[in-house]
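Protein sequence lines, in the order shown, are assigned to chains Y and Z.
Residues in the first sequence are numbered consecutively from 38, following my numbering.
Residues in the second sequence are numbered consecutively from 38, following my numbering.
A couple of the hints might just be wrong.
[Unchecked claim] Cross-link-like lysine-lysine pairs, in silico, DSBU-like; alpha carbons within 35 Å at most: (1) Z:79 with Z:220; (2) Y:61 with Y:198; (3) Y:106 with Z:198; (4) Y:261 with Z:106; (5) Z:220 with Y:155; (6) Y:155 with Z:193; (7) Z:220 with Z:198; (8) Z:155 with Y:106; (9) Y:170 with Z:198; (10) Z:155 with Y:193; (11) Z:170 with Y:198; (12) Y:79 with Z:155.
Honestly, the hints are just simulated from the structure, not real lab data.
2 protein chains.
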Amino acid sequence: MRVGFQGELGAFSQQAILQLLGAKARPVPHVRFDQVFAALNKGSVDAAAIPIENTLHGSIYDNYDLLLKYDFAITAETNVRVVHNLIAPPGMSFAQVRTVYSHPVAINQCLDFFARHKRIERESFYDTAGSVKMIMEQRPAGGAAIASELAAKIYKARILKRGIEDDRQNYTRFFLLESAESKPRRAAGKTPWKTSLVFSTRNVPGALFRALSALALRDLNLVKIESRPLRGKPWEYLFYLDLLGRHDDEAVKNALAHLGEVADFLRVLGSYRAAG
Amino acid sequence: MRVGFQGELGAFSQQAILQLLGAKARPVPHVRFDQVFAALNKGSVDAAAIPIENTLHGSIYDNYDLLLKYDFAITAETNVRVVHNLIAPPGMSFAQVRTVYSHPVAINQCLDFFARHKRIERESFYDTAGSVKMIMEQRPAGGAAIASELAAKIYKARILKRGIEDDRQNYTRFFLLESAESKPRRAAGKTPWKTSLVFSTRNVPGALFRALSALALRDLNLVKIESRPLRGKPWEYLFYLDLLGRHDDEAVKNALAHLGEVADFLRVLGSYRAAG
Numbered sequence: 038m039r040v041g042f043q044g045e046l047g048a049f050s051q052q053a054i055l056q057l058l059g060a061k062a063r064p065v066p067h068v069r070f071d072q073v074f075a076a077l078n079k080g081s082v083d084a085a086a087i088p089i090e091n092t093l094h095g096s097i098y099d100n101y102d103l104l105l106k107y108d109f110a111i112t113a114e115t116n117v118r119v120v121h122n123l124i125a126p127p128g129m130s131f132a133q134v135r136t137v138y139s140h141p142v143a144i145n146q147c148l149d150f151f152a153r154h155k156r157i158e159r160e161s162f163y164d165t166a167g168s169v170k171m172i173m174e175q176r177p178a179g180g181a182a183i184a185s186e187l188a189a190k191i192y193k194a195r196i197l198k199r200g201i202e203d204d205r206q207n208y209t210r211f212f213l214l215e216s217a218e219s220k221p222r223r224a225a226g227k228t229p230w231k232t233s234l235v236f237s238t239r240n241v242p243g244a245l246f247r248a249l250s251a252l253a254l255r256d257l258n259l260v261k262i263e264s265r266p267l268r269g270k271p272w273e274y275l276f277y278l279d280l281l282g283r284h285d286d287e288a289v290k291n292a293l294a295h296l297g298e299v300a301d302f303l304r305v306l307g308s309y310r311a312a313g
Numbered sequence: 038m039r040v041g042f043q044g045e046l047g048a049f050s051q052q053a054i055l056q057l058l059g060a061k062a063r064p065v066p067h068v069r070f071d072q073v074f075a076a077l078n079k080g081s082v083d084a085a086a087i088p089i090e091n092t093l094h095g096s097i098y099d100n101y102d103l104l105l106k107y108d109f110a111i112t113a114e115t116n117v118r119v120v121h122n123l124i125a126p127p128g129m130s131f132a133q134v135r136t137v138y139s140h141p142v143a144i145n146q147c148l149d150f151f152a153r154h155k156r157i158e159r160e161s162f163y164d165t166a167g168s169v170k171m172i173m174e175q176r177p178a179g180g181a182a183i184a185s186e187l188a189a190k191i192y193k194a195r196i197l198k199r200g201i202e203d204d205r206q207n208y209t210r211f212f213l214l215e216s217a218e219s220k221p222r223r224a225a226g227k228t229p230w231k232t233s234l235v236f237s238t239r240n241v242p243g244a245l246f247r248a249l250s251a252l253a254l255r256d257l258n259l260v261k262i263e264s265r266p267l268r269g270k271p272w273e274y275l276f277y278l279d280l281l282g283r284h285d286d287e288a289v290k291n292a293l294a295h296l297g298e299v300a301d302f303l304r305v306l307g308s309y310r311a312a313g
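Produce the complete structure using the sequences and hints provided.
What follows is the structure, encoded as structure tokens:
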């Protein structure tokens with residue numbers, strides 16, 4: 038099974054693929070998210086793993102837009118803890134590290150580490166896993182990287198310090214996407230079902246309240262809601278919403294029919310087992 | 038008036054300060070967002086301009102967390118269009134550009150430009166405005182940068198190509214923060230009032246629906262809502278909400294009192310004029 042993702046081999050998205058599908062799935066790297074979606078659309082990959090939100094940085098609207106542009110089903114979700122490791126070529130000691138290369142976002146998530154080790158310089162790089170690849174291929178003097186454990190393994194580098202990130206509560210949520218008619222993947226445990234949907238309303242006072250009544254009247258549980266202004270349509274909004282339940286549960290079916298009446302637009306993105 | 042922001046001089050946050058307060062305000066750069074908040078807290082700056090959401094990347098949870106940690110008032114908001122320009126030292130022509138330095142996020146927002154000009158290499162840098170400062174100070178051969186018009190002006194560099202970003206619908210929303218007892222700033226035009234608040238509910242079915250009834254029953258208009266899981270408290274949520282109105286309008290006062298009854302926690306972050 039070929040699974041598209043954005044980034045270099047060793048990216049956190051590849052960790053997501055491991056968690057979602059195990060080691061047999063073949064990760065297929067792409068430079069841009071739109072290329073991952075296009076690859077799934079033309080069938081050059083069988084599925085795609087894409088990040089949708091992060092506990093520090095919020096929802097990734099770019100990818101929500103791509104979900105709306107294409108018509109795939111979300112068949113599973115997983116949460117990847119973002120652990121940053123200091124990684125160097127084998128044989129280099131921590132005392133020899135002079136310059137650390139990584140994506141500026143990763144560097145900025147390890148500021149306590151750099152404050153404790155002022156001798157170490159920071160150099161921006163376009164990608165975390167790519168920085169490991171680079172230090173292994175080019176071996177810049179005293180050069181180390183910050184990236185995932187998986188990146189160290191793939192490029193046969195060594196972890197000098199594990200978990201140097203400032204904040205341990207840094208998780209990224211990924212969706213597994215497959216063709217529209219695909220069935221949800223079985224999760225190992227018996228976690229509850231979730232359904233993700235997108236709808237829009239005109240911004241008359243109480244429009245969202247009326248929309249949510251479709252769920253509240255059926256005792257359905259919301260687990261995410263987010264509004265987003267519609268481009269070029271002042272005061273109109275898209276809402277991203279996750280609820281507990283399957284789209285073909287009786288109560289959910291009725292709620293979706295009701296929501297369809299009060300919303301200008303409604304699309305169900307998929308039902309899947311909640312991440313454990 | 039000293040106004041703290043994150044980034045180098047010439048950052049988009051400095052553009053926000055210009056839009057919010059005019060050219061008389063003195064921008065005071067900081068490396069990290071928490072340092073901006075700490076500076077405002079101890080009075081080494083009089084106000085702070087912080088980005089809170091972006092039309093492509095969503096809400097910046099880090100800064101919402103800092104809003105909750107401290108007790109400041111939002112006194113104004115503004116939207117800055119993220120325009121990326123190709124910037125070089127004076128005298129360098131476009132044909133001479135060999136390498137473009139910038140933050141990887143900015144580089145990734147100009148991929149069409151790089152696809153059209155394959156001879157040009159990309160180099161990651163920690164900051165957009167910082168990359169202009171660097172090419173002016175160090176003058177790497179054929180080195181240009183991607184940053185704001187303001188950055189070009191500040192470092193006396195020249196814009197070779199304007200607006201090379203892929204997506205013109207890239208806006209960042211900024212808040213102006215001042216001490217808790219500050220009054221809202223007057224906006225030039227007569228835009229509507231907005232009030233931002235944060236509240237939490239236990240996740241019993243319909244909890245959000247009940248909370249929103251406090252607004253809907255008073256015909257108040259929601260302009261943003263976003264849920265966020267509470268750390269370490271499964272199935273409990275924070276909600277960020279913006280509504281149209283001032284916190285001391287009769288209907289808003291009543292709605293807030295009502296919301297206070299049904300929410301576990303409620304805080305009003307400020308009332309301010311909507312960005313024009």
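Subject >> Violated hints, by number in ascending order, as checked against the structure >> reply: 5, 7
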